[in-house]
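**Q** The residues making up each chain are set out below.
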Amino acid sequence: MGHDNSHDDVSSHVKTYLKIGVTLIVFTVITVAISFIDFGGNNNMIVGMAVATFKASLVCLIFMHLNHERPLIYKVLVFTVVLAIVLFTLFISAHGDPLKDEGFEAPAVPVKTATAHH
Amino acid sequence: MSAAATTHDDHHAHGGDHAHDHHEPSFLYKYIFSTDHKVIGVQYGIAGLLFLLFGFFLMMVMRWTIAYPGQPMPGLELVASLFGEWGTYQLEKWAPGGVVSPDLYNMFGAMHGTIMVFMGIVPLGFAAFGNFVMPLQIGAIDMAFPKLNAWSFWLFFIGGAMMMLSFFLPTGAAQTGWTNYSPLATTTHYIVKNTFMTGQTWWLLAMVFVISSSLLGSVNFITTLINLRAKGLTFMRLPFFCWAMLVTSFLLLLAFPPLEVAAILQVVDRVFGSSVFLPTGLVAGTNHFDISGGGNPLLYQHLFWFLAHPEVYVLILPAFAIISDIIPVNARRPLWGHKLMIYAALTLGFLSFIVWAHHMYLTGMGTMMSTYFQITTVMISVPSVILLTCLMISLWGGSIRFNSQMLFASAFLPMFGIGGLTGLPLAFAFIDLHLHDTYYVIGHFHYVVAPGTIFALFAGVYHWFPKITGRYMNDTLGKLHFWPSLIFMNVIFGPMLFQGIAGFHRRWYDGGAMAFKNTTQDYLWSNELISFGAWGLALAQIFFIVNVWISIKGGKKITSDNPWDATTLEWATPTPPPHGNFTFEPVVYRGPYEYNPPGTGREFIPSWEEPAGTPAPAPTEAKSHH
Amino acid sequence: MEIPYTVTARPDTGLWNAKIGVWLFLASEVMLFGGLFSSYIFLRLGADYHWPVHVLNVPWGFINTLVLIGSSVTVVMAWASLKMRKWGAYKVYMAITIACALAFLWIKKNEYTDKVHHIAVKTKDGTIIEGHFPDHGKHWINFDNVTSIKLSTRESDPEYFLESCTTPSPKFTTPAGKTVSLDDAGLASIREEAGKEPSIDLKAATPLTFKVNNSPFPPFNTIRSYNDSMLSFKDGTVINGKLTDYKMTLQVTRVDVRDVADRSKSQAWTLMGAGWKEAFEHHEHQKLEHAKEHNPEADPYKNPDFVRHALTMEVHTAKPDPSHHAPEGVGELLQSFKDTLFSHAEHNGPVITLDPKKDIAFWSNWLPKWNTYFAIYFTLTGLHGLHVLAGAIVLTWFLVVDTKRFKNDPEHLANRVETGGLFWHFVDLVWIFLFPLLYLL
Ligand code: HEM
Ligand SMILES: [Cu+2]
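Residue numbers (our numbering), protein chains in the order written: chain D, 1 to 118; chain S, 1 to 626; chain A, 1 to 441.
It should be emphasised that the hints constitute simulated quantities derived from the structure, not laboratory data.
All C-beta atoms, glycine included, are put in the ideal place defined by N, C-alpha and C.
Any given hint could be a false lead.
Claimed, not checked - Ranges of calculated distance between the beta carbons of each label pair, as one might list FRET restraints:
#: 1; chain 1: D; residue 1: 42; chain 2: A; residue 2: 265; range: 28 to 38 Å
#: 2; chain 1: S; residue 1: 425; chain 2: A; residue 2: 294; range: 13 to 23 Å
#: 3; chain 1: A; residue 1: 113; chain 2: D; residue 2: 37; range: 30 to 40 Å
#: 4; chain 1: D; residue 1: 96; chain 2: A; residue 2: 298; range: 45 to 55 Å
#: 5; chain 1: S; residue 1: 556; chain 2: A; residue 2: 389; range: 48 to 58 Å
#: 6; chain 1: S; residue 1: 487; chain 2: D; residue 2: 82; range: 42 to 52 Å
Stated by the list, open to error - Within a straight-line C-alpha distance of at most 27 Å, the following computed BS3-like cross-link-like pairs (lysine-lysine) qualify:
#: 7; chain 1: A; residue 1: 234; chain 2: S; residue 2: 193
#: 8; chain 1: A; residue 1: 115; chain 2: S; residue 2: 193
#: 9; chain 1: S; residue 1: 193; chain 2: A; residue 2: 196
#: 10; chain 1: A; residue 1: 338; chain 2: S; residue 2: 193
#: 11; chain 1: A; residue 1: 91; chain 2: A; residue 2: 242
#: 12; chain 1: A; residue 1: 178; chain 2: A; residue 2: 242
#: 13; chain 1: A; residue 1: 211; chain 2: A; residue 2: 357
#: 14; chain 1: A; residue 1: 109; chain 2: S; residue 2: 93
#: 15; chain 1: S; residue 1: 93; chain 2: A; residue 2: 108
#: 16; chain 1: S; residue 1: 193; chain 2: A; residue 2: 242
#: 17; chain 1: A; residue 1: 247; chain 2: A; residue 2: 292
#: 18; chain 1: A; residue 1: 234; chain 2: A; residue 2: 150
#: 19; chain 1: D; residue 1: 19; chain 2: A; residue 2: 91
#: 20; chain 1: S; residue 1: 193; chain 2: A; residue 2: 150
Only chain D is shown next, with the shape it has when bound in the complex (with noise of 0.2 Å):
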């Protein structure tokens, strides 16, 4: 990175990251103790993941140095986050969304080892 070249550019940085490794060690605890915490229906997990989404920033902003990056990296990025977005909601709501149709759902023949769930 040309741009941050001198040497108390990086000497400045350094007590940014400790403070950021420890900044993710106590998420991590907070991420542990609230998963033993019934939040009710799919709260445990959006809250686990918002947890995980603000650590993996600040990975990426401080120690991945996307906080000051050069354009053409952020264009390969948007980019590819947005696919990745992509997959996850089309695959999400092709599973959401299957065809409807009457006596389309239950199988002719009740598969045995089904009958035991739910």
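With the hints as your guide, set chains S and A with the ligands onto chain D.
**A** Quick look at chains S and A with the ligands alone, frame taken from chain D:
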């Protein structure tokens, strides 16, 4: 300045002799483990052409049983006897009495698709032409990561070798189509002593190698295009060829990983007995599998098509790339709508990621999802039409040279057009209900890839052959190659469209003559017609093979480094280009398609030619530090 | 011939080549793990069984998270030290990073080994009983009185047959009346007689006994199918005889009756004894009381989290103890963490004996075969582990082999460490998502 002025001798004065300040590597490192992008390009080219030929051989065996089901195939016993006892043993196993068995048909069908797509067209269009031409066209001395480039080729080689060797496993090669859908693909060759040593598993492992190869390749292509462009070569001055390669690289980079996931998960299912792609209660015949169930076959299809639709554009964009260079050179006209084409290719690239489930209308997708995918699919036809239209308009008012490459390039336009237009109906779920998995689909996509992409690849070979070898290919043989190819391609794939509408399904080893006779009997003759077309096409290729073979050593020598009077940078190098490519530091002063520029009185102006009186190169898009 | 911009940035893009390269590579990695995570979502949404929550070893997972975070800090410190040309500090930080990578892999290996030894059985009524084989041994099927054999001649060597036949040097008669043994010469004459046929019928001179490996791990399993009177191997060989005394002994650690229609009649209690039924009822009752206290209105059985706690029971002692209950509150939670980390309390549950044919619907160890959760768990963590290994190798290369570059071209080494570090951070980043998704939620 005339065209002759561009021979390399004139440029010695401009810069140091980059090419000769290193010692000569040994033969092994010069031609086999070379890191030179041109050698790697040629390696990919040879490997790809051989795979293409092999895939075509498989298809000719299949076409025999489709046309004459149950009859022994002539010559099969002779070929088997060449391999002695082992050969007769294999013949008994796969084709008793010379009659192709359904299993063999399935195996050849699956491998035809796989080899053609992953080992033939992509390595040729993207890797061979991209590797050879792209760095030259941007004035680079090599790829950004030459060693990685060699790794790409050798990973591809390992993957290809595994595909080939899998034919010799006790189970034979994979048999479940190039799509390799679970649960069938998971449970084929499943209850065997060692699931590792089966064709199905090797197919997956080979794919992991091929995928890794394309990933490394695309990282290399993109980095090179971003960072190694010559002075003055701004993004908007990049030839469309390079843009198409850039978009293709991004498709490979981002679409292949989900297929890698699918392959890995299927390996886990096969080897460790898990059920990621296997539903609860799965029974096959009388076999009740000892599995947990709970997985989902549709997950495989989603992961597969997330790659495989963009893959279609990986097959076709390099073809557009080649054609977009050949048409301006031979029509002596600039490419019409260069910018428009760039934006169209970018749009195409993006949209290609969000249309995949149009291959899955029949899997019980809900109406909302189905509507979404129909809309995006119809949308993506717009940029495709833009690309094709721009190429056609570029011909307008040109004084066209009808040499071999231009013949192939001009035939590409209507052939690809047929392929594209026959795809439109398939975008609509309720029409696809009827046409899905029929020969209509086979006809449609083969129009795109066979008389489409393959014609473009042929055109590319005729066009860049002089740069590679210093000799022209024979134009008469080229024409003898072209005309029968054009005719037979249409004899093969035209009738398939009608067969499909009549109800002929794909993957029938008897061509519909037995089980579905009620549907097919009136049209069975067309199976024979198509098969004769395939054999005719095979004969036509002899002209090409002979032409390449004799032209390498005996073709007419070129007299200029720029034999076609072209404007792009690859023609500014010595012929063949040495290691390091350029004898001077190339600087680009103008756009890539300056043919008959109005008001100059010049027939063409090479993009590297210094303008009189303006020595300063055009500004690059430099940005100041922030 | 030098490729430009390997060390210094190209002015207009502001980037050197490897920096672009590594970010592109990471973009494809995003899609790779994106594909894996969306498979996880797909499988979880579509699961027709209870998706396991908190079943992995949370304390070790937690420690591994700390290890990776620590290494992320040290790798960026190593890079910063290089930038400041502090050679000694660089070496120390890099060494710590690599040590963390190895620690991570070592912990992961231990976790995997635990899973291999963990056996889960689904009985015919849907009860799930977990535990392990008391002798840690393989799992066998015994056959007796085997006289007629259909030997497959397709494989080069009837390996399964020879491995599992416990009668020493057996002799056979072939259909043509020859007497052979299964040594090289005997096999050659058998092959000759069989000709093109895929198999040949042999009669044993004396009845044989067999002990066949019935591993739940498919690559090691040798059996295609079996019943009371015959067993067919995966290589096509079939033996006819009598299945003897086929039993599975299991030391129980956990019982799950969520899928049993009437849990008071679960097969678990017939197998483990009525005392455990009482202990379970007490356990369920306690949970219910607790839930009612918090929210008297709601029906706790509509809450999957409650059902998971109330209808599954950890079994820590050989004797039923009605007062036993799962940890509650911070203090007990920490205590149970300590237990799972440092002791093997689970090695003294009750031992039960199952009849595989009568009692068991499906069984496996905690490997991909058991359910799609473990399939995706092993795939995700396995691939992540390979990334850790690859990262460790690359970083070791920089530390050990690439030392000359520090003197000749330190900026280039710093660039290389930066690219390696970017990869390393990405590996950490993936784990940040993997840990909660697989261990906690
Ligand atoms: C030029 C000569 C070619 C001929 C005569 C030909 C012919 C055929 C035919 C008849 C089928 C249908 C087989 C069946 O459904 O049982 C087929 C399938 C296929 N072909 Fe070709 N093909 C040619 C070239 C190509 C090329 C260049 C590609 C490259 C992309 C290709 C890719 C495929 C694929 C992917 C399938 C589907 C395989 C499957 O069912 O899994 N073919 N081909
Ligand atoms: Cu598609």
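**Q** It remains to establish, for every hint, whether it holds in the given structure.
**A** Results for each hint:
Taken as a hint, the range 28 to 38 Å holds for the pair residue 42/D and residue 265/A, whose Cβ atoms sit roughly 33 Å apart. Between residue 425/S and residue 294/A the beta carbons are some 60 Å apart, a value that contradicts the proposed interval 13 to 23 Å. The hint said 30 to 40 Å for the Cβ distance between residue 113/A and residue 37/D, and at roughly 31 Å that hint holds. The hint said 45 to 55 Å for the Cβ distance between residue 96/D and residue 298/A, and at roughly 26 Å that hint is violated.
For residue 556/S paired with residue 389/A, a C-beta distance near 56 Å keeps the hint of 48 to 58 Å intact. Our hint of 42 to 52 Å for residue 487/S and residue 82/D holds, since their Cβ atoms are close to 46 Å apart. The straight-line distance between the Cα atoms of residue 234/A and residue 193/S is roughly 5 Å, inside the 27 Å bound, and the hint therefore holds. Of the supplied pair hints, the one linking residue 115/A and residue 193/S holds, its CA atoms being roughly 25 Å apart against a limit of 27 Å.
A distance of roughly 20 Å separates the Cα atoms of residue 193/S and residue 196/A; the hinted pair therefore holds under the 27 Å criterion. The straight-line distance between the Cα atoms of residue 338/A and residue 193/S is roughly 44 Å, outside the 27 Å bound, and the hint therefore fails. Distance check on the hinted pair: residue 91/A and residue 242/A sit about 66 Å apart at the alpha-carbon level, beyond 27 Å; violated. At roughly 26 Å between alpha-carbon atoms, residue 178/A and residue 242/A fall within 27 Å of each other, so this suggested pair holds.
For the hint pairing residue 211/A with residue 357/A, the CA-to-CA distance comes to about 17 Å; that is within 27 Å, so the pair holds. Taking the CA atoms of residue 109/A and residue 93/S, the gap is near 44 Å; set against the 27 Å cutoff, the hint is violated. Only pairs whose Cα atoms come within 27 Å are accepted, and residue 93/S paired with residue 108/A is rejected, the gap being roughly 46 Å. With a C-alpha separation of about 23 Å, the suggested pair residue 193/S and residue 242/A falls inside the 27 Å cut-off, and the hint holds.
For the proposed pair residue 247/A and residue 292/A, the alpha carbon gap of about 43 Å is over 27 Å, so the pair is violated. Distance check on the hinted pair: residue 234/A and residue 150/A sit about 13 Å apart at the alpha-carbon level, within 27 Å; holds. Simply put, residue 19/D and residue 91/A have alpha-carbon atoms about 22 Å apart, close enough for the 27 Å limit, and the pair holds. The suggested pairing of residue 193/S with residue 150/A holds, with an alpha-carbon distance near 16 Å, which does not exceed 27 Å.
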